[in-house]
Amino acid sequence: MKKNLICKSRTRTALAVSFSVFIYLSVTGLVSAVNVGISPATTTFEGVLRGGYSEKSVVVSADSEKPVLIDVEPRGEIAEWINYSFDNFTVSMGKPYSLKITANPPADVPNGNYTGFLRFMTAQLGEGVEGHAVSVVRTSLDLTITVEITDIEVKECMAYNFGVKSVEKGDDVVFNFEVLNRGNIKLKPRTVINIWDQDQLEILKSQEFSDKEILPTTRGNFSLRMDSKSLELGQYWADVSVIDCYNSQTLTFDILEPGALKAEGVLLGILTNKTAEVNTNVPIEVSFKNIGEKDVEAYFKGKVTLGDKIIQVLETDKMNVPVSSIEIFSLFFTPTEPGRYVISGRVFYSGKKTFESSTVLEVFSKRLAWKSLLLPLVYIALMLLIGFLFFKIRKEKKLYTDKLRQIKK
Amino acid sequence: MVYFNFFQLSIFFLEAALLFFLFFLFFNIISQIAGADVGENVTIKSELEIGNVAPIIQNIDIEGGTINLNPNTTKLVNCSALVVDYNGDSTIQNVSARLFDNSFTYASPDDNNSHYTNNNCSLDISYGDENTVLASCLFNVWYYANAGTWNCSVFVLDLSNISVSESNTTQVLPLLALSVPSFIDYGVVNATEVSNENITNVTNVGNVMFNLSLTGYSYSLNDNLAMNCTLGAIKNISVEHEKYNLTLSNNSVLTLAQADATYTNLSSTTAVGKFNLDYRTNDTIQDAINATYWRIYVPLGVAGSCQGNIIFGAVQSGAS
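Residue numbers (the working numbering), protein chains in the order written: chain A, 42 to 450; chain B, 1025 to 1344.
Where hints are given, some of them may not hold.
As the list claims (entries may be wrong) - One-sided and incomplete, this derived list gives chain A residues near chain B with beta-carbon spacing under 10 Å: (1) GLY169; (2) SER365; (3) PHE396; (4) LEU423; (5) MET424; (6) PHE431.
I should point out that these hints are in silico values taken from the structure, not numbers from a laboratory.
Think of the CB as a built atom: it goes at the ideal place given N, C-alpha and C, for glycine as much as any other residue.
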């Protein structure tokens, strides 16, 4: 009896151990410890010149809390042309790695498409088991790379994020912008900066720059300095033209007295109805924000035009606009004829003016509603009826008169 | 004669009355059509109060233009919209958004592969001035969302029930990712015997179809060994003794010759097998999973614990 109990107990223990082993294997052996991915899965370096340069990036990510070591290795016929920022790195959940990949084909390679791989391989994901035959798994992901070699030079770029800051008298005015080289040749973008007076009537200063070089497919930050010694205190306008990229932008800046607070404001917009009928009063709201360092007195001055004709000049009273606040200038306009009106203007403040803003108002003739047409239609019907009766009376009268004449004869 | 005169007089009066009525009607019509312009004072209605104006969606940004998904999990994607309402930002009632694969539509049903909805985007009214709101519409986009052009359409409703909508597009980039167990355990295998079949699942945890590449080594790459062992005269197992089949299972006890006939020998050089494991399309169950079948033959002269390495590689295949 006792032997039977011991035997049953051993059987239960063996079953429990077997079940535990099964659960362990299910959890550790059949479930991956780490899942690694690359995005994108393929990449193409388009239109690369022989001996040229092109740049791309790939994001490597993992779903593991623990950092995973990734080795990088190029393969295929383009392995020697492909360079990357690091041979190995770690990734973990929420901390993907963006690897910069560059293609530098040799100068003597013929035109055509060349392919290869960049292999991303994890370190060993598991460990051996005592007394067992175990293969530890590593995972690799192959980024398929195509390099298209050409001998056609492409010069293309884009300039954006233009900016300038007001400076104290004597300091250099610094113009900032970014350039993206979209072509396949090295680029030294030619930039011309013209500084205009406040009324934008005369160019006071002009300078050309073409110093900094940008490699193909890369972007560069530009900070161009212009001497401000010849500029008096006040507001100026600057046209920054990146000639090679066909991009330009008009900016404004101030030359300030040393230690002076800067007055700066922006015309946020001119708001009005999209459409209106003739002879109705149309409200116009102009919103202005003080983004400077001191309160300003501001007023709006603008015009309403129809085609080339100025229909009305608009001007508001001066308003005090505290720092960081927005004020609304309210005006009214009564169009007397239909058409497409343009309402435009600027806000003037502290001897400065904002960029011009404009909006469009479509004015239509008063439309006759169906109800208002109903009564005239009834009147017309009555008029036709009267006309018919008149005709009949005249006709009968003539017949009667003729009959009387015959009787008289 | 008197009768004739009376008749003519009656006709005259009747005609005069009709003519009068005709003129009355004519002038009435003219005044109706010309409205106030004909012979009466005019009062123009002045509409001096600006009513509620529609909100304006100035800009929609979706993760700066490209979305890199995360393997086997979600990626939090922010489709942010800059909304301006000149009646004040507090008049914005609700901002909702839908993020969807461009080959689907705004009205398509939600699906982790193609369509996501956020009916209540969070609003940051402290952003910008008192008329500007930054709406953050967050989406947990799954790793198997279709690669390609996606559209984020934002819908803004103000308190006067005036609504506007705008959209912008972004690119969901292809994600190549696989999931495999961390090891293959053949258990205890006697010398000169072939192990039992080990089933190892390979899962696509990205959004592109892939083929599988396999390589084996013991100490270092290209060493032509499958495993090294702690005991025995030889202490290693050649790489060709480790075998796989990517499609068929055979769970019976096999001799080496039978195993050679059924399975492919592992190699120290990378061998790419046609696996074409497509990405997941079912939101409720993982359908992007394929089994692979493994065995190892243990030769004479090997004992103790044996350990080697297998590299499971993925390379994008087909158009997916």
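Hints versus structure:
no. : hint   : in the structure
1   : GLY169 : holds (4 Å)
2   : SER365 : holds (8 Å)
3   : PHE396 : violated (17 Å)
4   : LEU423 : holds (6 Å)
5   : MET424 : holds (5 Å)
6   : PHE431 : holds (5 Å)
Consistency note: the structure conflicts with earlier hint 3 alone.
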